[in-house]
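For the protein sequence lines, the chains are A and B, in the order given. Under this note's numbering, think of the first position of the first sequence as 1, with each following residue one higher. Under this note's numbering, think of the first position of the second sequence as 1, with each following residue one higher.
Hints listed in this document are in silico derivations from the structure and should not be mistaken for laboratory results. Treat the numbers as computed from the prediction; the structure is a model and nothing was measured. Treat the hints loosely; a few may be bogus.
Distance ranges between label pairs, derived from CB positions [said to hold, decoys possible]:
1) A/D409 with B/G154: 32 to 42 Å
2) A/G90 with B/D71: 45 to 55 Å
3) A/V671 with B/S84: 38 to 48 Å
4) A/S684 with B/G72: 22 to 32 Å
Stretch-level coverage of chain A by chain B, calculated; a stretch enters the list once three of its residues show a Cβ under 8 Å from a Cβ in chain B [claimed, not checked]:
5) 13-20
6) 155-168
7) 174-183
8) 220-234
9) 573-580
10) 654-665
Virtual Cβ for every residue (Gly too), placed ideally from N, Cα, C.
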Amino acid sequence: MSVETDIVGAVHTKVRHDSARGHVTGQAQYIDDMPLLPGTLEVVLVTSPHPHAAIVSIDVAAARAADGVRDVISANGIPGDNNIGPVFDGEPALAEGVVDYVGAPVVAIAADSYDQARAAAALVKIDYEVRPAVLDIEQALEQELYTYPPQFMTIGDPDAAITKAQHRIDGEVRCGGQDHFYLESHIAMAVPGEFGDLQVYCSTQHPSEVQHGVAHVLGVPTNEVTVEVRRMGGAFGGKESQPSIFAAIAALLADRTGQPVKLRLRRDDDMVITGKRHDFLFRYDVGFDPDGRIEGVDILMGMRSGNVADLSPGVLARALCHADNCYYLPNARLRGYPCKTNTVSNTAFRGFGGPQGMLVIETVIEHIARTLGRAVDEIRAVNYYSTDDRNVTPYQQRVTDNIILPIVDRLRSEIDFDGLSSAIDEFNGANQTLKKGIALMPVKFGISFNTPKLNQAGALVHVYTDGSVHLNHGGTEMGQGLFTKVAQVVASVFQIDLDNIKISSTRTDKVPNTSATAASAGSDLNGMAAFNATNTIKARMVEVAANHFSASVDSIEFRQNRVYAGNESLSFTELAQLTWDERVSLSATGFYSTPGLSWDAKSMIGNPFYYYTYGAAVSEVVIDTLTGESRVLRTDILQDCGNSLNPAIDLGQIEGAFVQGQGWLTSEELVWDDAGRLLTHGPSTYKIPGSRDVPPIFNVHILEDAPNREATIFHSKAVGEPPLMLALSVWLAIRDAVSRVTGHRHLPNLDAPATPEAILMAVDDIKRRDSQTPSPAKV
Amino acid sequence: MDKNVDISLSVNGQEVSRRVPARTNLVDFVRYELELTGSHVGCEHGVCGACTIRVNGAIVRGCLMLAAQADGATVETIEGVSESSEISDLQAAFHERNALQCGFCTPGFLLTAQELLSQNPSPSRDEIREFISGNYCRCTGYQAIVDAIERVAGERRQAAE
Ligand code: FES
Ligand code: FES
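Take these sequences, add in the hints, and give me the full structure.
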């Protein structure tokens, strides 16, 4: 796959986002911007106020009679199967018999206007019989309440290794969840067609799953439902499984009333009703040698699954598969418990368990460092995967493309890590209240869906007789630039300028049976499918050209919008016309499935990842030991993108993912009260990073000359998720600052998110512990 | 009691008269009544800035102002300032530096940036970060947005010299 760059918009060039012009003028259309069809109804959901209760009765008579109301439904109005579970059955769109979290949709009201629907919602009377609720991870662990059976991964003999090791530590750490806070909240609009057909516009990363959900709930064959999405106003995993609920309800109401129906969640409802990143409780027990080399680990992961499984099996598998991060764990037992709680089911969120898995092993590394009185990076150095030996993961995949060491070494030396660290010592010595900290974070992230069957994609390409090209594929655009990248692939194969390619909305009737645009694999999968479709057409055009020029097929060359046979040539447009004249098809589908993947979900052994993406970051922070406030002062990043398909877009992914990760680890705190209600259900109480939170010095570099060893699309690498985990450098730097308060003698008691309150408590705690230990002390 | 009000205002240079429910806010009015959908609704309570609209020359949160309060006012939305080319350099810079991903926040940022540059033609990076801190972007991490605004500030200064 060689690439010429003498066309406009080839792969590896910094093409701008295809919708950018539309975005800066406000012309790019989101679903809520579509002109309303006459008679469009709006929907309001009546949701459960209780975390756990039996539904005794539902009285909708008054609501039904209210002004403007056209339809009211609850679970018993569902003609098909009330089941939208992405992995397991039995996950309802509307609660049936019981409600099991605050915010569970019970009744849906469609009215002429949103205000009328809202007014009618207040008239619905639901009698509940409140049941005891389980609201936290510990409680679920104690009572062994899981949404599906726990997942275990074991390699070697961890018990023996831990017992025999010269040093042994144990500990506990937690990380919180995270609301996606896509700026465009969930929305679905269903339009009834003829003979019961339904067209559903839905802000979703997974149109095929929405299509299935709608068909199930309506009890109709899949082919009666078409789902379409041109773009989303952000998604981040939150629109993978969750949109099915809203699309199914809108579709059902549209089907019953014969009118178009729009369901847009207002922000507070969105935050209460939909799932978030999984919060985790970790407990670890580790044995290591005097150099800090890990000999055995036992890690318990208590993951808040929420009321149902949703995508939890995949998230937990990925957390378990990333509890090694970049480190060789010869003997490990990793135990994952999907805790069933009466809180909203957690779901996919950029990183999909990976960030959580890495957080615990990084805590372990730091704990070892503090125990031995050594620098954290020294402990990392002895534990990194090697290239030839010491390279088998706990799930028994061999790490064969390891480049973490050169990345870390280069980053550390380029920024003079040791110099920065000594400057911090000086600063901290001269300042009583403010204390700085610094930390590195290495990342190795496995690319592919953990479940092999999901790693497939389709594309559809048409060439018209004027040489213009229509491109469609199963991937969805949520801002990440996927559409641009795939169009670059097509342009490069045909060797025509990018503006000849029309990018079109994702539709289930064009490319069927697709996977979610997720797992960072969007361009890997859809880029390859489009590559294959384009090459199919190109091969046919080559035949036609060869006949035309009486030349051999091998001599035909596509170059700079033309097609050559020696000195003779045709424009691409002329050849397109000629191909049609010759009655040869100018349309093709393309398909791709990632090679070489295997996974046994029971034993948790296999080769789930096609390759790994690597990266490293260093962050420097300052904390105020009297208020607990923290600021990130500087971050430096070196990220592997393989042979980047589009360095400009990848840069944006890195910057954006990092800042989003920083939010998860510092300011974004989800707070529930004792009655299971989310208290932080709007941006006035839930704080995502703002422009002032971004490191004022923020140097991001893409690793150069690092083509993917695997035959991915033009040897690029996936980039959507990996940089989010680089933000752990911020959390680790805050921990470093706390630890420096007492001369690195103790491990801080600081979970994520490191809010000012948490930092303040950690500082007080570490001072107290230090004053109680005779110095020089250890943990 | 009549819950509707009659309002007349200028929107992007055109006189508009409508009878609207008194509780309609300005952003919903321009979006659904006038079909100017470039102003977006992100949070509905004044925090995210996606709904930023210019009223009588100053930016406001379209979700915190009632349409009725704009009676007699001059209202400008992203569509209007795009049409007039007033912010074409900012638009070009946002495009060029990829200061947008999903784009949902972009119109709000552009209007906010324009307000900043009209008040302070030479803002420092810190001042830019400060001024736009009332607008949320969940995608870009703000770096590209700050870069784009900084660049336009420089270009405008040069052009003025
Ligand atoms: S929608 Fe107005 S500030 Fe968020
Ligand atoms: S580009 Fe998506 S919110 Fe800013």
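Numbers of the earlier hints that this structure fails to satisfy, in rising order: 6 and 9
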